[in-house]
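Enquirer: Assemble the whole structure, with the sequences as input and the hints as a guide.
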Amino acid sequence: TADVIFVNGWDLEEGLASDIETIAADSDAVVVPISANVPPLAFGDHADEEHADEEHADEEHADEEHADEEHADEEHADEEHADEEHADEEHADEEHADEEHADEEHADEEHHHEGADPHVWFAVHNVETWAENTAVVLSALNPDQAETFTANAEAYTAVLESLEAELAAQIASIPESNRKMVTNHDAFAYFAEEYGFEVVGTVIPSRSTLSEPSAQDLAGLIETMRRENLCVIFTETTVSDRLAETVAGELGDCTAVEIVQLYTGALGEPGSGIDSYVAFMRTNVASIVGALGTP
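Counting from 1, one number per residue, gives the positions in the sequence shown under our numbering.
Any given hint could be a false lead.
Said to hold, decoys possible - Label-pair distances were calculated between CB atoms; the ranges are:
(1) Asn229 - Asp3: 50 to 56 Å
(2) Asp26 - Ser272: 30 to 36 Å
(3) Asp19 - Gly196: 25 to 31 Å
(4) Asp26 - Ala279: 29 to 35 Å
(5) Thr237 - Glu166: 20 to 26 Å
(6) Asp26 - Ser173: 46 to 52 Å
(7) Ala2 - Glu176: 26 to 32 Å
Hints listed in this document are in silico derivations from the structure and should not be mistaken for laboratory results.
Note that CB positions come from ideal geometry on N, CA and C, so glycine has one too.
Expert: Laid out in structure tokens, this is it:
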């Protein structure tokens, strides 16, 4: 049985929530949100304003009509609401987390809100935080092995730091004017912020692939791509390209629309060469550079 179940949090595991709760209850395992102390981006921070999620329309409208003080109160209320929805997960973390990180986790609870983008792994330094968090939690559960956990986390962090430099050098070959992306769903905000990209539109205007775009959403995306003169759509290995192909079929201004699959929420099969996080990021960046870089 498991002693600990690491989850990303911020509703990423929305389809698995009940299963995780059942497994945790049956095994008495601790459920730990691994991204608890990663500074979150709000959903839609890098998305095209025309394609913002309908669920956030009222929130954005309130931003325009209310003063900063009133908006702060609204955000605080939203945070409290999100805390209630995630009480079981967060309380399990509070009860079992290492004492050294109690203040950080408490601060995260105070600032957590429903709009947090969960796709934190697209910025490598966030995965470095994961490594540290993992070592801390495992050390608290098994103090006799704390030295080993810490050493392993430090070794992996060194690998990730090297990866960061490698990816930055490759992305530097893409002219800044070309660093515009249309993606399948809103998963690349952390990547965009880290490497100076703009996500100008998404096929599914949501942080979740479980959502469905409306005809109006797709029409708006097509118009955006025409206006920006974009002929590349980045899709995902785990999601059908059907909607992206629909959009591509309407872009008559493009000689050809390139549909480029990226790895987003899953690694490749064992033995595929893309069965580790490092390979995952290398493969994605190579695909992005190949599509947007100067020939």
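Enquirer: Work down the list of hints and note, for each, if the structure agrees.
Expert: Taking the hints in turn, this is what the structure says about them:
1. In this structure, Asn229 and Asp3 meet the distance hint of 50 to 56 Å, their C-beta atoms being roughly 53 Å apart.
2. Restraint check, Asp26 to Ser272: a C-beta distance of roughly 33 Å satisfies the suggested window 30 to 36 Å.
3. About 38 Å separates the C-beta atoms of Asp19 and Gly196, a value inconsistent with the hinted range of 25 to 31 Å.
4. Taking 29 to 35 Å as the suggested C-beta distance range, the pair Asp26 and Ala279 conforms, at roughly 34 Å.
5. For the pair Thr237 and Glu166, the beta carbons lie near 22 Å from each other, so the given range of 20 to 26 Å is met.
6. For the hinted restraint 46 to 52 Å between Asp26 and Ser173, the CB-CB distance of approximately 51 Å keeps it satisfied.
7. Under the hint 26 to 32 Å, the C-beta atoms of Ala2 and Glu176, about 46 Å apart, miss the expected range.
Hints 3 and 7 from the list above are not met by this structure, while the remaining hints are.
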